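Novice: Listed below, chain by chain, are the residues.
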Amino acid sequence: MNNYGTQCVDTLRKTASLLRKDVLEMIYDVKDGHPGPAYSAAEILTALYFGGILNVRPDSPTWEYRDRFVLSKGHACPLLYAALMRRGYFSEKEKYSLRKINSRLQGHPDMVKTPGIDATTGPLGNGLAMGVGMAWALKHQKKTSRVFVLAGDGELQEGIVWEALHVATKYSLDNLYIFIDHNKRQSGGQVSDVSGILPLMEKFEAFRLSCREIDGHNFKEIFSAIRESEAETRPSVIICNTIKGKGIDYMEDDNSWHKRVPTEAEFINGIRQLEGNNR
Amino acid sequence: MNQKSTRRAVTEGLFDVIEKDMSVVLVSSDSVGVIKAQDFIAKFPSNFIEVGISEQAAMAISAGIASCGMTPVYVSYAVFATQRACEQLRNAVSYPKLNVKIIGANGGMGSGEREGVTHQGLEDLGITRTIPGITVLSPADAGQVRQAMRAVTEQIDGPVYLRIGSGRDPEFWSEDTPFEFGKCRTFFDDGEDLVIFGHGFVLPYIKMACRELSSRGIKVRGVEVATIKPLPEKEVLEHLGSCRAALVVEDHTTIGGLGSAICETSSAFCPRRIIRIGLDDRFSESGTPEELFEKYGITVHSIVEKAEEALSNTISIRS
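As you go down the protein sequences, you meet chains A and B in turn. Under the working numbering, the first sequence has 3 at position 3, and the numbering climbs by one with no breaks. Under the working numbering, the second sequence has 36 at position 36, and the numbering climbs by one with no breaks.
These are computed hints drawn from the structure, not numbers from a lab. A quick note: this is a predicted structure, and the numbers were derived from the prediction, not measured. Just so you know, not all the hints are guaranteed correct.
Straight-line distance between alpha carbons at most 27 Å, and here's what the computed DSSO-like set of lysine-lysine pairs gives [unchecked claim]:
| no. | chain 1 | residue 1 | chain 2 | residue 2 |
| --- | --- | --- | --- | --- |
| 1 | A | K139 | B | K4 |
| 2 | A | K170 | B | K36 |
| 3 | B | K183 | A | K142 |
| 4 | B | K4 | B | K36 |
| 5 | A | K203 | A | K220 |
| 6 | B | K20 | A | K143 |
| 7 | A | K113 | A | K95 |
| 8 | B | K97 | A | K100 |
| 9 | A | K142 | B | K4 |
| 10 | A | K142 | B | K43 |
| 11 | A | K139 | A | K95 |
| 12 | B | K97 | A | K139 |
| 13 | B | K97 | A | K95 |
| 14 | A | K259 | B | K20 |
| 15 | A | K143 | B | K97 |
Using the sequences provided together with the hints, build the complete structure.
Specialist: So, in C-alpha cells, the structure goes:
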C-alpha cells in the first residue's frame, strides 16, 4: 500500500493545470470566486486526489472507510470541485453551476449538497477542528482511514485552530495530516503585515506536532513529506510554501486575485497559459 | 420544595443511553464536573473526549465526530455553548444537520445564581431557536432531563440543544412521569379565562400562582411547553383559542424565548393578548435564585398581578 508518488510527475503537472483551467472557467462564467487561493493549492489537491494518496471511492462518496479530506480554507473550493469532478464524483455538466441558484456547488464547501465533500467549511478554522474530531472518531472506531486537512496561513490567526491542535496532540492523532498552504497572503494583504502569526514552524513545534516544510508546488516533495509523516506517531503538519495565483503570470503574487474575476482578455490569456502548460 | 440535580441527571441519562448505543461520546471542555460524570468516564473511558477549555473547538470537534457516525453529547455552560461557540453551532453542526447533542448548564439566572451574569444563560433559547434545524428543549426537572436524554438520542437524528440548571433544581413532576417530546402538558386546569405557559425551573412558581388566581375566582390553566422548538403549535393554538388571554413565564430574556415563539404563532393564527414575564431586556447579577427572581420580577406575586392585568385589558378592549 501507499506506493503513491509513482505516477509520472508530468502527468500530475498536467492535471494541476487542467484543474486550474476548470477554476478559471468556473469563476469567469459566474463572475465570482477566489482564483488566487485556489491556485496556490493546486499541486497539493492534485497530489491528494490524483497521486493515489486519498483512499476514496467516487462511486460511493460516503463509504465509511474512506479517507477524509477537509478544505478548511473553504474559499478555494472551485479547485476542490474541479478535482472531485475530474475524479468522477459528478459530471462535467455541473461545472458551470458554481455559486448559482439550485446548485450543488455552493460558494463554500457543503457536505450536505455536494458528493465528495466531507465537511462544511469556509468559516476559517472550523474545518481544521472538524478534522480533529474526525481523526479522533476514526481512531475510536478502529478504522485505518486518515484525515487530510488543507488550511490557509491566514486562517491560522483563528483561535480555534490552536484550540484544536492541542487536542490533536493530546490524543496523538497520527491519522491526521494538516497541510498549510503558506502563500503568505490573505484577503487584507501580506500575512506578515496583517498579523503576528509568523513564523509558523516554531509554533507547530511548540504544540508538539511533527512538522515539515516543503515547496508546495513540487510533487516529489509533497509525496516525500507524506511518506515521512506516516512514520510519525503524532499528528503531522506540512507547511507548503506556495505562490498565491501560481500558474498564471499576471496572478502570481498579485493579491488582488484573492477574489477577482478576469476580464475577457485576462481570461483568454490565462487559459492560453494553462493550456500551454498542459501540452 | 424538593431538589434534584438536572446536571447529574444528564450523566444518569448517558448511562441509560449507552446501554443501547455505544456510539455515544461525551465531549467535555473541562466540563466533566458540571454533570459529575466521573463515574461515566471511569466506566466508558473510550466514549469520552476532553478537549480542554475551548468551547469553539469542542463544538467543531463534536461536528467532526458526528460526521463519522457517532453521537457526541457536548456539555458546557449554556452561555458558552450557545454564544462563544455560536458560529460553530450554526455552521459546523446545524447546517449539516449533524447529530450533536448540546447540553447547556446554568440555563437562566436562577440556575446561574451566584455565579453572576457572565455565567448565566439568559439568551440561550432565543439564540438556538433562531438557527434552522435545531431542536430546543427545556425540561422541567431532573427526572425529565434524564428521560429527555433518551428521547434526544433515540428519537431525534440531528442537533439538539437541551437546557439544564445549577444542580439545585426544584422537582416538579413525579419521577416516573415520561418526558414527552413535542408536546404541551397541562399541570393546572381550572378553566378558560387565562392560560399560563412556561418551562423549566419556574414551573413551581406558575403552579403556585395558578392556585392563587384560582382562589381569587379566575379560571386559569397552567401549561408546560418543554419543547421550545419545534413549538407544539397546534396544542399552543388550542390553548390560546380556548382562553381569553395568556401569560408566558420563563427564566430567560423576554426576547427570543418561549414567549416570543408563542407570540409569533399567536399573531399569525390566533391573536390574543399575551404578556411575557422574564428578564425584561436587561442583565441579571449574583444572588440566590429566590433573591434574583424577586428582584427581576419572576414571582408568584408578579404572575398573579400580570394575570389580572392581562384579563382586565382584554375586557376593557372588548368593551
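Novice: None of the hints should be skipped; say for each whether it holds.
Specialist: Hint check:
1. A:K139 x B:K4: 37 Å, violated
2. A:K170 x B:K36: 23 Å, holds
3. B:K183 x A:K142: 40 Å, violated
4. B:K4 x B:K36: Holds, because 13 Å separates the two Cα atoms, which is no more than 27 Å.
5. A:K203 x A:K220: Distance of about 26 Å is within 27 Å: holds.
6. B:K20 x A:K143: Holds, at about 22 Å.
7. A:K113 x A:K95: Satisfied, since the Cα-Cα distance of roughly 14 Å is no more than 27 Å.
8. B:K97 x A:K100: 22 Å, holds
9. A:K142 x B:K4: 39 Å, violated
10. A:K142 x B:K43: 19 Å, holds
11. A:K139 x A:K95: Roughly 35 Å between the alpha carbons, so the hint for K139 of chain A and K95 of chain A is violated.
12. B:K97 x A:K139: 23 Å, holds
13. B:K97 x A:K95: The given pair, whose Cα atoms are some 26 Å apart, holds under the 27 Å limit.
14. A:K259 x B:K20: Violated, because 50 Å separates the two Cα atoms, which is more than 27 Å.
15. A:K143 x B:K97: Since the Cα atoms of K143 of chain A and K97 of chain B sit roughly 24 Å apart, the hinted pair holds (cutoff 27 Å).
Hints 1, 3, 9, 11, 14 from the earlier list are contradicted by this structure; the remaining hints agree with it.
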